[in-house]
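Engineer: Sequence:
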Amino acid sequence: MSRVTGCRWRHAGCKGSFAARSHLTNSTACLRALAPGRLRGRSEMCRKARNKLDQQKKGPVVACATPVQTMNKRAIEELREKVGCAALLEKDGWKVDLKESTRRAIKYRRETNIIIVIHQGRGWFDPLSPAKGDVFSLAEHLGADGFLEACDRVGDVVGFVPAAPAWQRPARPKAPSSVAERWKRRFRPRPGSPAWRYLIGERALPAYIVKQAVGGDRLREGPQGSMWAAHSDSAGALTGWEERGPAWRGFATDGGKELFRFGSEDAERICITEAAIDAMSLAAIEVARADTLYVSTGGGWSPATDDAIRGLAKRANALLVAATDNNRQGDIYADRVRAIVADASAGYVRLRPCAGDWNEDLRA
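Residue numbers (this note's numbering): 2 to 365.
Derived from the structure by calculation, the hints contain no laboratory data. None of the values given here were measured: they were computed from a predicted structure. Note that CB positions come from ideal geometry on N, CA and C, so glycine has one too. Possibly wrong hints are sitting among the right ones.
Said to hold, decoys possible - Derived SDA-like pairs (lysine to any residue); straight-line CA-CA distance at most 20 angstroms:
{"id": "1", "residue 1": "K133", "residue 2": "K185"}
{"id": "2", "residue 1": "K92", "residue 2": "T113"}
{"id": "3", "residue 1": "K185", "residue 2": "D157"}
{"id": "4", "residue 1": "K185", "residue 2": "A236"}
{"id": "5", "residue 1": "K315", "residue 2": "D344"}
{"id": "6", "residue 1": "K133", "residue 2": "E269"}
{"id": "7", "residue 1": "K92", "residue 2": "S102"}
{"id": "8", "residue 1": "K83", "residue 2": "F148"}
{"id": "9", "residue 1": "K315", "residue 2": "E269"}
What the hints assert, rightly or not - Listed next, with one range per pair, are the computed distances between beta-carbon atoms:
{"id": "10", "residue 1": "D135", "residue 2": "Y209", "range": "47 to 57 angstroms"}
{"id": "11", "residue 1": "A356", "residue 2": "A164", "range": "27 to 37 angstroms"}
{"id": "12", "residue 1": "S194", "residue 2": "H120", "range": "33 to 43 angstroms"}
Between the sequences and the hints, there should be enough to build the whole structure, so can you do that?
Structural biologist: So, in structure tokens, the structure goes:
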């Protein structure tokens, strides 16, 4: 065999290199250089054979079906349309909390657990955790092991109609006018009016507290003996209102929750409650302290509410009093106030009612 040096050969999948290397003998270099499978420009037959051999080494390709691929997507959408979150919760033993529910947000309870159903029954969230989603994620939240079992649970509820809450109002026949226009069209409460009787009679608020709120343009007569309590921004502009009555609890349609404000606007002491009636009740219990602004979040914690409280915490010598309800949810809101205070280096106090809320304390 003649001496071979510098023969070119190809690695599989590479462009090629010199076969003769310092660590190879001449005979080995020659054999590798002349190997049929490595010749430049090999035949199509060799290429197919090589591909087949590579495939055999790798083994068969198995496509893993996801739950969505296993179940027809159209069937999933049909289930989502047919079954609302309320049906799933009622079937699972949850009960509507009428006192804490509104037409747009229905609160369900089971022992100490809470789920709030929104988006006309198509969505939900847990106010005590980050959990939220649609009916399928709710099924998993309630114990379904994965998406397929969640689909089975939702499918079992098809055709079940949950009981409609007694407070539910019929849909409005036409779009309402602006928030400001609707507010202006309503009368202020006055002695003997339905809202006045509700606040002083059923809610036991002192007349001087109601007069002060009316004088500050904080209250309006609502329908069917209810009252409206205005929410406003830091500049005093109306954003919406809480609605409370003997048989109704809600918030202004198309309105925005920020803060109900009662008392001294430039006060250093700010008492934060969960309802306008609680804010006025605490003011009555404390005989309307001149150094205090009593505010209400309206039972929620919107981004605008969070921003407003942060703004109050930045006041010089500010003292934020977390006067939220005496329950688990009230403690969660109080923790949020504490976190805001820590960021702003303001003062903080947790003030609990003896009963569930301040109006219960006032009526006791």
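Engineer: Could you tell me which of the hints above the structure violates, numbers in ascending order?
Structural biologist: Hint check: 1, 3, 6 fail, others pass.
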